[in-house]
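> Letter by letter, the chains look like this.
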Amino acid sequence: MTLTRERRIVSSQATPSLPRHVRIQFDPVRQAWSVLSPEKVFWPNDISLDILRRCNGSTTIGTLISDLAAEYDAPEEDVAGDVTAFLQEWSDNLLVKL
Amino acid sequence: MSELLLPPIGMLAELTHRCPLQCPYCSNPTELMKANRELDTQTWLYLFRQAADLGVLQVHLSGGEPTLRRDLEQLVAGLSSRGVYTNLITAGVGIAEGRIRALAEAGLDHVQLSFQGARAATTERIGNNRGSHEKKLETARRVKAAGLPLTVNAPIHRHNIEEVPDFIELALSLGAERLEIANVQYSGWALVNRDALMPDRASVERQVEIVEAARERLRGIMNIDFVTPDYFATYPKPCMGGWARDAFMVAPDGTVLPCHAAHTIRSLTFERFGDRSLAEIWTDSPAFNAFRGTGWMQEPCRSCDRREIDWGGCRCQAMAIAGDPAATDPACAKSPIHARMSMLIEDALATARADGSNDATTFVYRRIAAVQEPV
Ligand code: SF4
Ligand code: SF4
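Same order as they appear, the protein sequences are chains U and Y.
Going by UniProt numbering, the first sequence opens with residue 1, and the numbers climb by one from there.
Going by UniProt numbering, the second sequence opens with residue 1, and the numbers climb by one from there.
So that you can see chain Y by itself, here it is in the shape it has in the complex (with noise of 0.2 Å):
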């Protein structure tokens, strides 16, 4: 490692991955994780500590579902005692009368609400799960009336790319501070589902510029995030802000990684809290110095100027299309590859076209043991 390793700034903690949801694009493993494999109370209390310690600044409580951990209000209480910004990343399905309440007094920050459609047929379709879009206003309501900030996430695919006006009128109607435009990332169970949710290029580009208009209407009245599609870019984005350069995620089980879709490569053996300390991972993990930097990089990455702007992109979508995860993430205009991106597009839509189906009844829905993993 010739670069200077600096101490990390985010943790995503994927407390459970249980979820009363079950979206066709979901990020967490395809292989879903029993409750009984959830590290206990004590042991994420210890790992906040440590983590804290270590230099994290902000701490994103995810899963699944994080609420459906009963001890949510401690975990937050824990971080928030060493001033630990936190953002509950949560569905808002299921959430008893009182608990955001009880989670803002024990120092929560900053709630982010997913949301499946800005309709309630749209949201309930892709949850699969019926009375979710009313519960999930409901949610918001609390949030707003416990004084806590509202983020609006909308994970973007087929189904709803011409619900985005509608998204934003939601976000505004509901006071979110922010609004998430977030095209789902094809990993995890997105990659499964992969031919049921791309978008094709007429909507895509419509999306951009109602996002834009919307973007310059609304300066200083909401923030609009857009995460763009990789599928339809020229550039990658800098998955993570780099691999472990200054963010890392910890799954159910406690195990580290340096971002949510790392266990996709598997050449790489990922470590697990308690085995060995945070710090210990963090600077000596061979997982998470194999792509530290920009030493491993290959061409067109090794000389291009900007290497060090996206770190070569997304390790997983390289090992996903390009079958190598040191490769420049196809996505990238340079990479050899790139037009394979849009013959996935093409495919995609080819397939919807033939089996007559732009609903929803090819998707395969995230549950546990519905899909194995390829080995």
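Okay, chain U solo, but in the shape it has when bound (with noise of 0.2 Å):
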């Protein structure tokens, strides 16, 4: 069959965002966020959750490692391979919408 759907492929100009059923959630029981899935539950650490956040469908994927490394005062390649690598994954397992 045809495939109306292709696999996205991460780049520096994608504005990738969250999908309608994944959802960002702080949770007072553990005192932690969250991500909520259709079938998983995910306890991101605190890189993993900054990237998830900018994921508004307005930053792009470069401004968005430019902000990072700026933040956490690190290179900017080691930044750019880590989130290239993290979103192509989530991206790969349809969390996230590039």
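Be aware that one or more of the hints could be misleading.
As the list claims (entries may be wrong) - Here are the simulated SDA-like cross-link-like pairs (lysine to any residue), alpha carbons at most 20 Å apart as the crow flies: (1) 40(U) / 309(Y); (2) 144(Y) / 174(Y); (3) 40(U) / 107(Y); (4) 97(U) / 174(Y); (5) 237(Y) / 221(Y); (6) 237(Y) / 41(U).
The hints are simulated quantities; they were obtained by calculation from the structure and are not laboratory data.
Predicted, not measured: the structure shown is a model, and the values here were computed from it.
The task is to assemble the complex, starting from two chains supplied on their own in separate frames and drawing on the hints.
What follows is the structure in structure tokens.
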């Protein structure tokens, strides 16, 4: 059959967003941020959370990387590698829209 | 209890046992409850508030057919107001026009729709319901039209294992985000119908190849979850993520259980919501504590380095096949009676050959009082 959808690949111009079925939420019982999705609950670390919070449909991945590099005072190449791998994985799992 | 008790994350709410279909592998108990034993709206809402307070983040609304509850929108709204993620598990037959949209508006997060077959004739034969396939297709379209994410659930057994490629195409054509290829777990009605449902080894191996290739091809397009068949396994699954570890289920009458087949362990007594609070049941119920953690384990689990990976497998399968709920799940190659799994496969296939019936004529369809529970 012809595929109407295609696998999306991370690029610096892409503006990632969270699909409707993925929600970031603070859990008062565990005092931690959670990401809720159809079958799984994730407990993101600070960096993952910072990436996901910037998935607002208007920030480009390029901007996202420079922002995080500035915030964490880390070299952009390192941040770029981590962010790209993270977003590609989340996109492949249909948890982030690119 | 030496281990730290954590709050539960997930809950399966079996709102009703009523269902328009009669799948011979249904995971409901063979002793089905009638509508008059179901909790009323206010009790469910109260239970859901307690669940949220306790730390439950995700509720799977199931049955039977949960949309037969006329108060489903109210129940979804109650959960949604507490930020609980709601997943509707439906057979998608007989849902009135406009209802999916109303559920979405009430805050429903996700729909999981089952297909008994990828072809209409199979769906109708397995669920014993004429016209059901077309209705499911319509439900899938309504789910997408309401903007809800869709998982197609395909319970796999001998009568539809050759349709796995068609299930993949079907799920793609419906725009599903996820497809569950879920080999039937032999508890409840599936245990009664085991001989009629068991696939042969060659079909299982073919299926594994097809699913693996499709997963690769569809990376980033559609997720395929594969629930492998226990009887053909080397290691068991971590049933429910471990007994009473991060999830539980509630039966239509409010009985709270660690998993949907736990009632088959007759030595345990399960408590009802209302007699005690959810928090009390979760922390103190002897049935919940019976197989929590690793302290209850015997050898070979006790000294196995996988004991906190699969938690010794399924207690109900240990009960059903080893006759001892504290035994190692016989699906595990280290179980002293692991060979019995292969014997059961052979027996099932021999029975099918002897009947000359590879068709569905030997199904015991899921109905109230169709089988007596063994005592
Ligand atoms: S498995 Fe079939 S009979 Fe059982 S609840 Fe689901 S649709 Fe109904
Ligand atoms: S022996 Fe027990 S803990 Fe080890 S793999 Fe088998 S079931 Fe799991």
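> If a hint holds in the structure, say so; if it does not, say that too.
These are the hints, each one checked on the structure:
A C-alpha spacing of about 17 Å is found between residue 40(U) and residue 309(Y), which places the hinted pair at or below 20 Å, so the restraint holds. Between residue 144(Y) and residue 174(Y) the alpha-carbon distance is near 8 Å, which keeps this suggested pair within the 20 Å criterion. As the CA atoms of residue 40(U) and residue 107(Y) are separated by approximately 18 Å, the hinted pair is consistent with the 20 Å bound. In summary, the hint linking residue 97(U) to residue 174(Y) is supported, as the alpha carbons are separated by about 19 Å, within the 20 Å threshold.
The suggested pairing of residue 237(Y) with residue 221(Y) is violated, with an alpha-carbon distance near 26 Å, which exceeds 20 Å. Note on residue 237(Y) and residue 41(U): the hinted pairing holds, with a Cα-Cα distance of about 19 Å set against a maximum of 20 Å.
The structure is inconsistent with hint 5 alone, although it conforms to all the rest.
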